[in-house]
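S.K.: Sequence:
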Amino acid sequence: MALILASTNLLTTRIAAGCFLLTLVVVLFYAKNWTLRGLSIGFIIFLALIWFLQERTTVHILRYAILFIGVMNSMFSVYDIYDDLISRGVNSSDAKKFAEICPCPCNGVGWGFIWGMISFIFLGASVYLGVLILA
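Residue 15 in the numbering used here sits at position 15 of the sequence shown; the count goes up by one each step and never skips.
If you are wondering where the hints come from, they were derived from the structure by calculation, not from laboratory data. Hints may be right or wrong, so weigh each one.
Below 20 Å or equal to it, Euclidean Cα-Cα: the simulated EDC-like pairs (lysine to aspartate or glutamate) are [to be verified]:
hint, residue 1, residue 2
1, LYS97, ASP84
2, LYS96, ASP83
3, LYS96, ASP84
4, LYS96, ASP80
5, LYS97, ASP83
6, LYS97, ASP80
Cβ pair distances, simulated, as ranges [as the list claims (entries may be wrong)]:
hint, residue 1, residue 2, range
7, SER92, ARG37, 20 to 30 Å
8, GLU55, LEU134, 13 to 23 Å
9, ASP80, LEU129, 21 to 31 Å
10, LEU10, TYR30, 24 to 34 Å
11, ILE41, PRO105, 27 to 37 Å
12, VAL27, PHE68, 14 to 24 Å
13, VAL59, VAL26, 39 to 49 Å
Beta carbons are placed, not taken as given, at the ideal position from N, Cα and C, and that holds for glycine.
Build the full structure now, drawing on both the sequences and the hints.
M.R.: Here's what the structure looks like:
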């Protein structure tokens, strides 16, 4: 949600890209396998190239790259909740454990549905607010 809203202004886009790059550098040093390191290096190069193009040429796509990363992250969150908690109902999932602790009559699939709807509402609200800010 933060990346979607940050892509509405050039200054906030730069701040979001800087925070994302800093996070990728931290992940690069804490990663335990080379797949994650390779993905981090690839994203660092990708964002650095886009940022360079933003500052030095007439190609201004940093805003759209941050928007894309934010929307895809939110959409993957909704999909992952659906896949793990609703369609398959993994017995060791957070929703099953929460259903055992919580006194409500919901089971793990019910909590997965609730969490999925909350995630989807936040995705929709951030896209709506982003469009509202840009209009």
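S.K.: Run every hint past the structure and note whether it holds.
M.R.: These are the hints, each one checked on the structure:
1. Under the criterion of a C-alpha separation no larger than 20 Å, the hint pairing LYS97 with ASP84 is consistent with the structure, at around 13 Å.
2. Of the supplied pair hints, the one linking LYS96 and ASP83 holds, its CA atoms being roughly 14 Å apart against a limit of 20 Å.
3. With a CA separation close to 11 Å, the supplied pair LYS96 and ASP84 stays within the 20 Å bound.
4. Among the hinted pairs, LYS96 with ASP80 is consistent with the structure: their alpha-carbon atoms are about 15 Å apart, no more than 20 Å.
5. Among the hinted pairs, LYS97 with ASP83 is consistent with the structure: their alpha-carbon atoms are about 17 Å apart, no more than 20 Å.
6. For the hint linking LYS97 to ASP80, the alpha-carbon distance of about 17 Å falls within 20 Å, and the restraint holds.
7. Distance hint check for SER92 and ARG37: the Cβ-Cβ separation is about 28 Å, which falls inside the suggested range of 20 to 30 Å.
8. A beta carbon spacing of about 22 Å between GLU55 and LEU134 agrees with the range 13 to 23 Å that was offered as a hint.
9. At roughly 23 Å, the beta-carbon separation of ASP80 and LEU129 lies within the given 21 to 31 Å, and the hint holds.
10. Checked against the hint of 24 to 34 Å, the C-beta distance between LEU10 and TYR30 comes to roughly 31 Å, which is consistent with it.
11. Take ILE41 and PRO105: their Cβ atoms lie about 48 Å apart, and the range 27 to 37 Å is violated.
12. Between VAL27 and PHE68, the C-beta spacing of about 19 Å keeps the proposed range 14 to 24 Å intact.
13. In this structure the hint that VAL59 and VAL26 lie 39 to 49 Å apart at CB is violated, the actual value being about 28 Å.
Hint check: violations occur at hints 11 and 13; the rest are consistent with the structure.
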